[in-house]
Structure formats: C-alpha cells, structure tokens
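Fit the two chains together into the complex; they arrive one by one in their own frames, and the hints show the way.
Those sequence lines, one after another, are chains B and D. Sequential numbering from 0 applies to the first sequence in numbering that gives the first Met the number 0. Sequential numbering from 0 applies to the second sequence in numbering that gives the first Met the number 0.
Listed next, the in silico DSSO-like pairs over lysine-lysine satisfying Cα-Cα at most 27 Å (straight line): (1) LYS385/D x LYS369/D; (2) LYS338/D x LYS136/B; (3) LYS474/D x LYS270/D; (4) LYS369/D x LYS203/B; (5) LYS203/B x LYS362/D; (6) LYS381/D x LYS369/D; (7) LYS18/D x LYS200/D; (8) LYS53/B x LYS300/B; (9) LYS161/D x LYS127/D; (10) LYS278/D x LYS316/D; (11) LYS18/D x LYS338/D; (12) LYS253/D x LYS316/D; (13) LYS338/D x LYS385/D; (14) LYS203/B x LYS338/D; (15) LYS363/D x LYS203/B.
Treat the hints as calculated values from the structure; they're not laboratory data. Please read these numbers as outputs of a predicted model, since none were measured by experiment.
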Amino acid sequence: MKKEKPNTLPPEGALGDVGKGGGVRKRIVGSSTFGVAIILLALCIILTITTGDKFLSSENFLSVFRQFSFTAIMAIGVCLVIITGGIDLSLGSVYAFSGVMSGIAMHWWNLGTAGGLAVGALSGICFGFANGLFITKLQLPPFIATLGTMSIARGVAHGITGGYPISKLERGFKFIGQGYIAGIPAPIVLLVILAVITSFCLRKTILGRHIYAVGGNEEAARVSGVRVDRVKLFVYAFSGLMASIAGMATAARLGVAQSTAGDGMEMDAIAACIIGGASVTGGVGNILGPILGAAIMGVLKNGLVLLSISAYWQKAVMGAVIIIAVTADCMRNRKK
Amino acid sequence: MQREVLRMVGINKSFPGVKALNDISLTVEEGEVLALIGENGAGKSTLMKILSGVYTMDSGEIYVSGQPVHIDSPLSATSIGISIIYQELNQMPNLSIAENIFMGREKASFKFLSNKAAMEREAEGLVKQVGLHVGVSTLIGSLSIAQRQMVEVAKALSMNAKIIIMDEPTSSLTDRENEILMDIIRGLRERGVSVVFISHKLNEIFQISDRITVLRDGKNVGTVRTSESDEQQLIEMMVGRSIAEIYPPPLGSKTEETVLQVENICTSLLKNVSFSLQKGEILGFSGLVGAGRTELMNAIFGVDRMSGGAIMVEGQKINVHCPNDAIDHGIGFVPEDRKLKGLIMGMTVRDNITLACLAMISKKNVINQKAEGGVATEYVQKLNIKTPGIEQTVQNLSGGNQQKVVVSKWLTTRPKILILDEPTRGIDVGAKKEIYTLMRQLTAQGMSIIMVSSELSEILGMSDRIIVMHDGTVKGELPGESATQQAIMQLILKDSSQQVQQKGVEE
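Chain D extracted, bound-state conformation (with noise of 0.2 Å):
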C-alpha cells in the first residue's frame, strides 16, 4: 500500500465568466506517475497553476503528506516541495545551467559575493543524476530542448521537491528525446518523486503513467488505473460522449489530375525535393521533428526563400518570392505555429478571418464592413467557431477554435491548394475530429490538401498518399490505405542508420 503525498480536496476557482474549476478532488501516492488529460480548456492547467502557487484557489482545501498546506505564491509551493515544469520552459538562455539552477536562491559567500564553485559543484552532481552529460558551465541557450527540461529536472531536485509537475513536456520533443524524459521520468519514478504528467499523447500516458485522472469542464470525471483502461474508455471520459471513430472515412474525391508539382527544391536544408499533389487528395508529410517538412511548406508558400528547384500549379510554372505570390495561385497555408505565425492574438475573430481576403471585399481598399462582417459570420458558423462574437479577440479561445480561426482565414481565399502543418497540434479531441471531419468535405468539393503531422495515427488516419521525409530528402512514398507505424519508421531508420555511419567516417 502507498503512501499519499498529496491530497487536494474540493478545489474551486472562478475567472470572470468562467467557472474554471468545479469542486474538484484529486490524490497523488507517493512514488508515482499521475497523468492529468482532459479536452483544452478543462482546468488541467488552472489546477496545476493553483498546485504550483500562480494562482490562488476560491476555495478548497491541499494536504501534503496528511498535513494541511497554504500555498499561496510559488515561492511557497516549493519550499513544501511541489515543483512544476511548463510547457514554455522560464529559462535564461544566457545564462549557464548551473546559474540557472540556481536562479533565484544564489550560494554566496559573506552574504552578497556570487560563490559560483560551490553552486557548479552541486549543480554537477544533480546534472548527472538526470542523465545529463554536459559541463554545467554550458550555457542554457546552446541545449536541446530536452536537455533544458532536464535542467529543470535537476532544479526540481536541487529544491527537494517531493511532487514535480510536467505540462506537456513532450509536446516540443523529437521521439529520440521524447524516450530519454521517459527515462527521468522512470528513474524519479524509482527514487520515490510523484511526478503529475499533463499531455495530450494518449500513447505516451500509457507508456508512463500509473493511474490516469480524466478532467472536463472543470469538474473530475473519474481516475482509472492505467492498466485497467484503454485509449476509447479515456476519449469517451474526456469528450463525454462516445466517439465512434475519430477518422472519418475517406469519400473517394482523390483523383489522377495533377494540381502541384513540385520538382528539386533546395534550401539550406533541403536537398532535391520533388513531389507531386493531385486535385481531391490529402497528401501526409511524415518524419521526425527537424526532417525538414516545414521547411518545405515554408519554401512552396515563400516564407523562407529557396536557392533551387521548380513549383508548377496546374501544369503552370510559378515563381513565389513571398506569400502572397502563393496566395494569388490559389495556396492557403495553416502554420504550425499558431501563435507565432498563424493569428494576431490581440486582433478580433473577424479581423483575423478577413486578413488573407480584404482585397475581394474592398472597393478602392475601402473595406466594405458589412461584407466583412458577413464573411467572419459565415466561417463562424460554418466551422461551428464557440466565440462570444466575431468581435472578440482571438487570445481569450480555446486552441481549437483559434485553429479553426486559421482555417477559416485560408478558406476565405479560396484555395485550390491548402498546407496543413500540424493542423491539430494542442487542440482536443473534439476540435480535432471537427478539423478532419472538415478536411474530408473540403476534399469532397475538390481541394487539395497537404497535412504535415507528427502524429503517426493521424498521418495514417487521413492521408490518401504518405511521402516520408528525413533529413532534408524525400525518403519515399507509401499509399494511405496499406500504410503502417512499422513502414513509415523504417523508411526513417533506414535512413539514420547511414546517417550515423556517414557519420563516422566523416569524423
């Protein structure tokens, strides 16, 4: 029998209009993994917040190993010994990791004199206790993103934190990095640290977790021991209804008509990549993070600048020198990155929808309101946007629906081509099967779509054709129905097995 470590009872917390969390009960034993999962927006990351000390909770009551606990800045949360690493790691990347270690409660000498061997010596010692075999001194800028969330590991540790907490770690993480946090996460795992993991990978939360807790609207809907349960029992707690299939089926508009060809397109990254793209279809772009597939979505709507290599659109040659070269051939494009390329977080709905098509609702680049707001109603209602109203602005949605912003800025233009990166990255179970549900139709009246996806069971779930991409090359081609996990990873490990020779022999 295990030991609780912490106890949180009848938690309640209220923003102005939402009532975020609703009295909400929840225990962590002692040596192990909780993963937290539940659609966007369900209080995951509030709870942790109040957990952690950002926030304070309206009411409720934590216990931490049986004994009533007030944790009211984060400053006090870890010094009872809870510690949370954020998705978006708070690190200064100018600064070494033993610095940053330390950040905040410096080892000094007569009070005020930085004694920076005394922190390096205990910094080393953590470092290696995370599996991290790199000179403490290196600064933090200069790491992998999962060695910078070792660092914080060693930080949770270096403050003898009992509870740490992960929001989705994984979710900027290549699979090789992804299997070494497994690993930490094991080993604290073994030395008796509860860790909290939040993360949309249901794969992963099989992979690690012990008991699973299922959040939505605020309220907890149950704790299943992981391995009494399965992937559709979690989908069907966290959506609340049953979700037959996630992937709708394909409705045969894939045809042999050519709408894109793509011939040797070079970057500084990629070499040589050609592909082509026929009306009706999706095509899904595999391979691990850092393969180069955004880049080549970047290059073909000319974000980035290619230095080689041809793009012809319905059997025209096209030169694209910036997007809206791209545009006016009929190319939408969904970047991965919502946030940094994909919206104006403080711009409104509307302004958002109608960025990409103000010249078709202009007279004299006087914007004629009234189409406008016609336009962002009409996309509103057609992917079922929840917004307030088409004058709120984007930052105060959940991620699905900015997502679905997105696309419905594309779908504006009225594209004969549109690029897909990452099309459900962060957004729920819900929001996701929305998108592709829309994909399917979108297909049905003739467009074509390209779906660069990390997500294996997505990539296999949606694609009509599967090109594989590794290091910058096009590794090969797999048609959607008879593809399998196994066909697309070797197509990739083939690769990197030479790679690693190649490697050798250069060295």
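Just chain B, with the same shape it has in the complex (with noise of 0.2 Å):
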C-alpha cells in the first residue's frame, strides 16, 4: 500500500523544483506586485511623451522620488499593521506630534540633534504602543483604538505647541531632509534602507512569518504557538516609528515642525498599501507593493502639475486611481 513506498508521488519536479526556474518567473509576473510596477512604468512613459524631457530630467525625477519618499516609509509602517489584518488611523498625527517632539527637544530643551532625533523618535514608539495595547489588551478594534489616538496626538501637538510652528532647528537635524549622500537626497537614502531592513525582517525572520501568519488567520497562529499579542504590539509599535521618522525628515526638510503638519496623510499612506497590493483582509502584502503605490501617487501629482492641471483636481484623481487599482488586482484574482 500507499505507506510502504512513500517514492511514489514525490520526487522530481513535483517538490525540490517549486520555487525555481520558471516557478520564480511565474511568480513574479503573477504577482499583484509586478502589476502595480508595470501601471507605474506605464505613467511613466505616458508622462514622458506629454510632458517632453520636462517628467525626465534628473531634477524633477529625484524632486518627485523625494516628495514621495515621506508617504513611502510611512506606508512602510503602516504596511505590516495590515498585512496583521489591523489598521493605524493615527500615523498623520503621530507624524506631525514626533515632528513637533524632536523640535521642542532641540529648541527648547537644547538636547541638540541626537536629543531631537531620539525624542521624535520615542514619540511616535510610545503612540505606536499605546495602539497596540489598547488592541491586544482592552480588545478594541484598531479603526476605534488608532481613530482615538489619532485625535490624541493631533490634539496635544496643538496644545503643547500653541498651534506655533517650531522653526529654530538644528542643523544637524536639517540634514536628513535637505542634505544629499553622494548626490542623492538623504530622505530617498532613508527609504531605501528602511525598505531594505523592514523587507529582510518580513521575508526571513520569524517575526515576519508571525507576522504573516497573524494576519492569515489569528486563531490558527495563536493555536500554533505563535505570541499574537506580541506581534501586534510590535506592528503597531513600528508604524509609529516609521510614522515618526517621517515626520520628523518632513520637519527637517521644511526646516519647521508643525503640529498641522501631515493632516490626511494617514490616508495616503493607507492608499498606498491598498494599491500596491495589500489585502485590508490581513495575509498578504510585501514591501515593495506600498513604495510602488506611494510612487504612482508621486508621479501622478507631478504629472497633473507638469500638465498644469489645477491641484483642486488632485484628490478626484488619486480617489480614481485607487478604485482603478483595486478593481484591476480583483479581476486578476478572480481570473485564478
């Protein structure tokens, strides 16, 4: 029987193969990923021919990779709270509260740019936390629990600051918004390392596959032994990092912290998961699919400002885009 020679089903390409060779190819051009780099791709080129070498050249392609680059480690952050099937309203606030912490630190307090920077920083962590705990240990849902933070930290970066914007910042701290490593803009430098960092935690970790695994189903994680209030409290405490981070290059890169600062930015940090592949439902998702979406986003803007269409138009667009990009990743599923 069956038992006696396990040989039987096995061997050659049905196992060891899967993975390889044309299974990668297969994958990645199956992938929701490979669809989001092929409708940018596809603006690109389309922009080119409208806009002339205006879209092209060197200046306007870093300033636009720059713009969005703010959006993009956010998105990051914000990504692994949904691939946990949560959501993080607050990163907009707790942007612009991290951003208002580092430049009271440096201003008021005179810790200088270390200070700032660990000030800002701790702010957006502790925020980050508080959600997760109000997640994991009072159970709310995370729309609820992050909608009130949202307007906690919006509230006390008014209050502590006055509503005055912080302006006297170092210039140390100045740097990770207007400097340049080896000609390219210090916040793209900060992506692509954070990008590269939280992708490796993702892919090869076990956090990652916790990660993954809480989303993909909490009940069978939690039965296998996975800490799902932890992972939780990680994701959660991680979007305010990153949200914190960029608030605070946003800060430096204007060379003032404000507390009205990233108002709805939370939404397009969201958008951007949500075009670039993420399921709302939890399980899925990377973190190549949230930069690529930021990155539509940026070119769009740019696009829509280089064909002088007025920026009232904006939101009408991105709205189209997101309902455009949604629908297309469905229809592909369904073709599955």
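Written out as structure tokens, the structure reads:
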C-alpha cells in the first residue's frame, strides 16, 4: 500500500523545483506587485510623452522621488499593520506630533540633533505602543483605537505648541530632510535603508513569518504557538516609529515643525499599501508594493502639475487611481 | 413503479487543471431519498452546485419531470423546484425565522412596504410542517443548528421544492438533533418530495436512503439499492480498492509509564476532570457534542484558561497560560476545526508545516530557508501529502491532505503527547486509513495520543482505553479491546436521565 513506498508521488518536479526556474518567473509575473510596477512604468511613459523631457529631467525625477519618500516611509510602517489584518489611522497625527516633539527637544530643551531624533522617535513608538495595548489588552477594534489616538496625538501637538510652528531646528537634524548623500537626497537614502531592513525582517525572520500568520488566521496562529499579542504590539509600535521618522524628515526638509503637518496623510499611506496590493483582510502584502503605490501617487501628482491641471483636481484623480488599481487586482485574482 | 423526477445526462465540468465531473449521469425518483457518496474531491458538491445553479456545466443535459431544463443561476434552479441546503447554512442570524424564509422574495403591500403579517402567517404554517415549535419572529441566531436546518427545509418547502439537496447536513449535529433531521427527511419523502443527501457517515445513509449513488474521481461508479448493499461494498466502490480493514491492529506499544496526569481541571464548563495518559497509548475521548471534550483539550493546551486544577507532564507540574507553554512541554494539538484553528489557509504548505518549529530551523531569528524547505519536503513525503509542491497554498488541497499538513506541523515539534480532536472529520476513507496507520506508527515510536472523536467506530477501532465524558465531567472509563457501542451509550445515557430529573426538580 501507499505507506510502504512513499516515493511513488513526491520526487522529481513535484517538490524541490518549486521556487526555482520557471516557478519564480511565473510567481513574479503573476504577483500583484508586478502589476503595480507595470502601471507605474506606463504612467512614467505617458508623462514623458506628454510633457516632453520636463518629467524625465533628473532634477524633477529626484524631487518627485523625495516628495513621495515621506509617504512611502509611513506606508512601510502601516503595511505591516495591514498584513496583520489591522489598520492604523493615527499615522498622520503621530507624524506631526513626533516632528513637533523633536523640535521641542532641540529648541526648548537644547538636546541637540541626537536628542531631537531620539525624542521624536520615542514619541512615535510610545503612541504606536499605546495603540497596540488598546488593541491587545483592551480588545478595542484597531479602527476605533487608532481613531482615538489620531485625535489625541493631533490635539496634544496643537496643545503643547499652542499652534505655533517651531523653526529653530539643528543643522544636523535638517540634514535628514535637506541633505544629499552621494548626490542622492537623504530622505531617499533613508527610505531605501528602511525598506531593505523591513523587507528582510518580513521575509527572512521568524517575526516576519508570524506577522503573516497572524494576518492569515489569528486563531490558528495562536494555537500554533505564535504570541499574537506580542506580534501586534510590535507592528503598531513599528508603525508609530515609521510615522515619526517620516514626520521628522519632513520637519527637517521644511526647516520647521508644525502641529498641523500631515493632516490626512494616513490616508495617503494606507492608499499606497492598497494600491501596492496589500489586502485589508490581512495575510497578504510585501514592502515593495506600498513603495510602488506611493510612487504612483507621487508621479501622478507631479504629472498633474506638469500638465498644469489645477491642484484642486488632485484628490479626485487619486481616488480614481485607488479604485482602478484595486479593481484590476481583484479581476486578476478572479481569473486565477 | 415510481416516476422519475430528475435526470442528469452526460454532465461534464472542468476547472483549471482538474476534470471535476466526467460524463456523469444520475436519476432521482419521485419521493425517494438518494444518497450521494464518495471521497472528498469525488465531485459530489460540484455536481450539486451545477444542479442548484451555482456552477454552470460545460456540457450535458438536465431533465426535470421529463422536461429539458436550463439552469444558469440559483434563481432559475429554485423556480423549477430545486432547493439546496448547504453544509454551512447561509442565513442571517440577526433576522427572524420568517424574514429568513422569505429572504429575497418578501411579500409586499403596495409593491414596496414589507408585509410582515402575511409573511409570518405563512411562515408559521411552514415551520409547523417541519416540526419546529418556535415562534416565527424568533431570531435565527438564537436557534440550534438543527433548528436552523429545519428553517432551511421550511424555506425550501415555501418555494414548492420538488427536489431538496442536503450537503452534509449532519456534520455538526448532535445525535438527538440528527434523529430529528431523519424524521424531517422521512416526512418529506411521504409528501412526495425527493431528497438528495450527501454524507460521509455510512450508518446514516443506511438508516435513511432508498438508493445510493457512488462517485469517484468525477465519475459515477454505480448506483445500488440500499437494502441490497452493505458498508464493505460501498467503501470498496468509493476508494476503488478493497480495504480489508480500516483500523490497523494495535502494535502493543502501550506501557504503564504515565506521561500526562490531569487533576481536577475546572473551567466554566468542566467540573473536576481528571485522567492520566500512558506512554505509547491511544486514549479515546467519547461523548456527545457539547460534552466538554474539546473544552478539556483547549484547557490542557492553553487555548482557554482553566479556573482550577493541575497538569503534570512526566511527573512535573507545568503551568500552561498559552499554547506556547504547552508546546514547550512537548504537547501537540490538532484542533477540531482545521479551517478555523488548524491552518492558515492562504499560506503555503511549507509555511504551515514549519509554523510551530521555526525556532528550531532559525539562527538568531533568521529562518534558514534551505532547512525549512527540507523539513516541509520531508513531511510531505513521510505523510504522503498530495500537493503539486510545498509552495502550494493549503486552501487548494483536499480535506484529507489539509489534515495531514496540520498533523505534520505538530510532528515537526517532536511532541511527547499529541492531542487529536476529531482527526478524521470531513476527510475521505483513504486518507482516514492513512491517518490511523500513522497514529499506530507514532505510538510505536513512544508517542502518546489523545483522540477526541464523535465517531464511535473510530473510538472503538483505535483506542487502547476510552474515557466517556458528558456534561463537563468524566462519566467512566472503558478498556479499548472489550468496549462496545452499547457500553459507551449506557455511560452517557445513565447520566442524561439523571440530568433530566435534576432539571425537572430545578424548574
């Protein structure tokens, strides 16, 4: 019977070869990230044709890249949350709060660049961690918990600054927004570093696997020995940290920390994830997706400016893009 | 001579990569119960989904009462008198019985105002016909599964169904609820309604059906009169080979060494449950659904909190606060519901198999992907999991192979104690036998197994000892070799009659 000779089925192509050769190509072409990359490429080609070399000039290109890198950094953070099946609405507010806190650390408390960065990052982590506690210990739905902290973070930022911008930032601090490393704007370098690290963690480490497991089926993950609460605490804290990095980089770029910064930016970051192929039901997504998603939105905004279409129309176009991108993804999945 | 109500001729249906149905023909007579059986993936559900308009067939013809019909949507199926009751009932728990019965075809006054009174009046009559004695304004969510099935039957009747298809209706019923359902089916038969009954449970099929049609690999391998057939014949037809014995004989691996000692476990449902497990034995847990067996296993494994009691592994008291603690002490747990708790359906075979043993194949938290692939491949071969590759997502596997993936996941942790809760639920005979054989092999290697099962034949065929539970307590213990179905039922029944008396006193 079957038991005695288990070799009847498995050997040859069935097992070892998957994940190599043709399998990889099929997986890449079939993946939603590939689709997003194609859309981005098509968009760039259209803009190159319609605007001449204006779009393609290295000056414009780097400026577009730098512009969307802030959104992309936030998107990386919230992407992990979305993979676990959660959502983080507090991003935009935490982004402003962290920027303001780093400004206060430098301007009021004279802690210098390092102190500013530390205080800013810590504020983001604290808010993220609080989100995580509300969601795991108090069992609040992520939407509600982060809706609350979204308002709290914004309110506190307004409150402690009295609404005034903080403009005397340290030179070293400003470097992360304004500087260049080997001719490449610092925020872009920052984005690439963060993306590589996060992607590595997500794909190669136990924690990364557990993040996918929690999003795929929380109960099964728990029964399999995954400490679900710890995983969730981590992803929300991480999301807060990413928001704070983006917030500080923006403050550094503008040379001013404002409590009004990043209003509605959580939606851009979440949209970037969705366009990039993450599923709001969890379990699916990667790091390249949200970056490409943010790139599509950045390029599109730039294109509208270059084509001298009024900025008032931007939001309508962005919304349409989200719907088109998700529809395309759904249709492809249905075909499978 | 009975009239033929349904004839399906030469039905073909392909899915990408699979020929699901291959030239299937089938007839149903008026007022008969036709059982449709076959292993998982044989095509039963696909065939019924074509009949009820969920799928469209590639080729073939369907005749109802001699007339050719064209079924292209669930609506067209119901309009010609075909209703289907699914395994997972699709009802709205927040709406009433009457509202569910008339879902999508509400009665209206002036075309738009919902006429609640008319619907409730008609629903009342229907509900009585199926023997459900509950007010029709009761919310569906507050009914038991058996009652909810009765509502579905009432709904089918309200649509003047000539043919009612039931897709594994008994898989989540208790024995008593099961009896009620059998009565309903008999009632339907008397009214001249034909029932197509899909089930894995052969004893039910013998109890209720007139004829049995067996499918295998998308083909109709034959139809037999129930009265002229026996279990052995049906199993052979289903698997296409003779299975001399489903349950492999014990290998005499049971020892007297106690591996697990459970003392006075209490939860909201369990009352002072104690038992012990010996090295190399299979300990069966029998009882009705809701007896507390699954709750006991959940408590031991740390899925649920216990309010009192102690667990000792190899004489050492252990504290289990979460599944992780149990795993660390060498316990593995294959839960009852593999889709809800056993597997991450969207993940690959590899990821599911290695989920519980990642720490063993990682260095500083970085997973060694080569080792991971090796582990997954090893278990795919060892357990004969039929999959195109370890990168296949588990939702594309059949039930039996999915279950083998769950078992593999726990074997990778090299447990001393393996808890199997309903290990063969919803899987086909061939895969069942493979799991039984594996269980014997594991005990021979010194593993101890706890098996919770609602299938008495499985409990009797596999257990070294049998513990009978009822109402959150242990009712008694029987030795495996001499236990009988009657002995188990007696232990349960003795208790429930007491319980009824008690309840009477309380009220």
